[in-house]
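J.: Each chain, written out:
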Amino acid sequence: MSPAVVVGFILILLGLYSIATTRNLVRVLIALELVTVGAFAALAPLASVNPSLFFYGVLILVMISVSEASILAALIFRTYALTKSTDVSTVTGGREP
Amino acid sequence: MIDVLLLLAALFFGLLTVYSRDNVYSAVSLASAAGAVGAYYAYLTQFAAAFLIFVIYIGAVMLLVIITAAMYGGVQRWGGRYFLATTLVFLAAAALGVLLWGIPPAKPTPVQLGDLLPAVMLLIGVAAVSLVVGIEVARRV
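First to last, the sequence lines map onto chains P and U.
The numbering of the first sequence is the working numbering, which starts it at 1 and goes up by one.
The numbering of the second sequence is the working numbering, which starts it at 1001 and goes up by one.
Simulated from the structure, these hints should not be mistaken for laboratory data.
Treat the hints with care, since some could be wrong.
What the hints assert, rightly or not - Far from chain P by the CB rule (all over 12 Å, computed), these chain U residues:
hint, residue
1, A1092
2, V1098
3, W1101
4, A1119
5, I1135
What the hints assert, rightly or not - Label pairs and their in silico Cβ distance ranges:
hint, chain 1, residue 1, chain 2, residue 2, range
6, U, A1070, P, T90, 12 to 22 Å
7, U, T1045, P, E68, 25 to 35 Å
8, P, T92, U, L1016, 31 to 41 Å
9, U, T1087, P, P51, 37 to 47 Å
10, U, R1021, P, K84, 13 to 23 Å
11, U, M1001, P, F77, 41 to 51 Å
By construction, the Cβ of each residue, glycine as well, lies at the ideal position given by its N, Cα and C atoms.
Based on the sequences and whatever the hints tell you, model everything.
T.: Shown next as structure tokens:
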């Protein structure tokens, strides 16, 4: 296993750990982007095998991360406007009773 | 060797992202981790992919993340620390510039000092702008 894949998996695990342990939406956004950076690193060995596939993989990953970041940012701004907090535990409407 | 260093830098900044308490420090560490991965792509001579990471990913996504983090709990609360950090960066860049300006390259080396000087001058410019922003932030706290 190449070092880039190892580092990528560690970064992905760190991001998932951070998502699991935080309730702050801003930290969730940052942790999700860390998972994306880990995916970028894990994708690197593909560059020597199939460079064109690697480029399209990076392109799709960038597009996914842009859409994911914009959705989460909108969620953060709306949550703050409604509850004056970015803590997800303050959002109580819509839960199971 | 350089590839391992770049990957270790990405790992270090990734750890800093998770374990940093301030949102802005965390977001800036994340951008640094992404920059290290982009540099690793450039090391692999995948310049198109590195361009995508540096321009689209860091230039757009990381900017959004850093601004969002700054809006909801950022370093503006500690203007003094920000000013100190920007001053240190500026002084380090200026010292590096003076060092490179004073020592002419005597013989060809693997790293051409003559090519390095414009990059350091650019770094000094960025550090000076950061210092001005740091002074303004410190004045308003």
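J.: If a hint holds in the structure, say so; if it doesn't, say that too.
T.: Okay, the hints, checked on the actual structure:
With a closest Cβ-Cβ approach of about 26 Å to chain P, U:A1092 is found to remain outside the 12 Å limit, as its non-interface label requires. Remark: the non-interface label on U:V1098 is consistent with the geometry, its nearest Cβ contact in chain P lying 35 Å away (cut-off 12 Å). Residue placement check: U:W1101 keeps its beta carbon more than 12 Å from all beta carbons of chain P (closest about 36 Å). No Cβ of chain P approaches the Cβ of U:A1119 within 12 Å, the least distance being about 25 Å, so the stated non-interface status holds.
Every Cβ of chain P is farther than 12 Å from the Cβ of U:I1135; the closest lies at roughly 27 Å, confirming the non-interface assignment. At about 21 Å, the beta-carbon gap between U:A1070 and P:T90 stays in the expected band of 12 to 22 Å. Between U:T1045 and P:E68 the beta carbons are some 29 Å apart, a value that agrees with the proposed interval 25 to 35 Å. Distance hint check for P:T92 and U:L1016: the Cβ-Cβ separation is about 33 Å, which falls inside the suggested range of 31 to 41 Å.
At about 44 Å, the CB distance of U:T1087 to P:P51 agrees with the hint of 37 to 47 Å. About 21 Å separates the C-beta atoms of U:R1021 and P:K84, a value consistent with the hinted range of 13 to 23 Å. A C-beta distance of roughly 44 Å is found between U:M1001 and P:F77, which places it inside the suggested range of 41 to 51 Å.
Violated hints are absent here; each numbered hint is respected by the structure.
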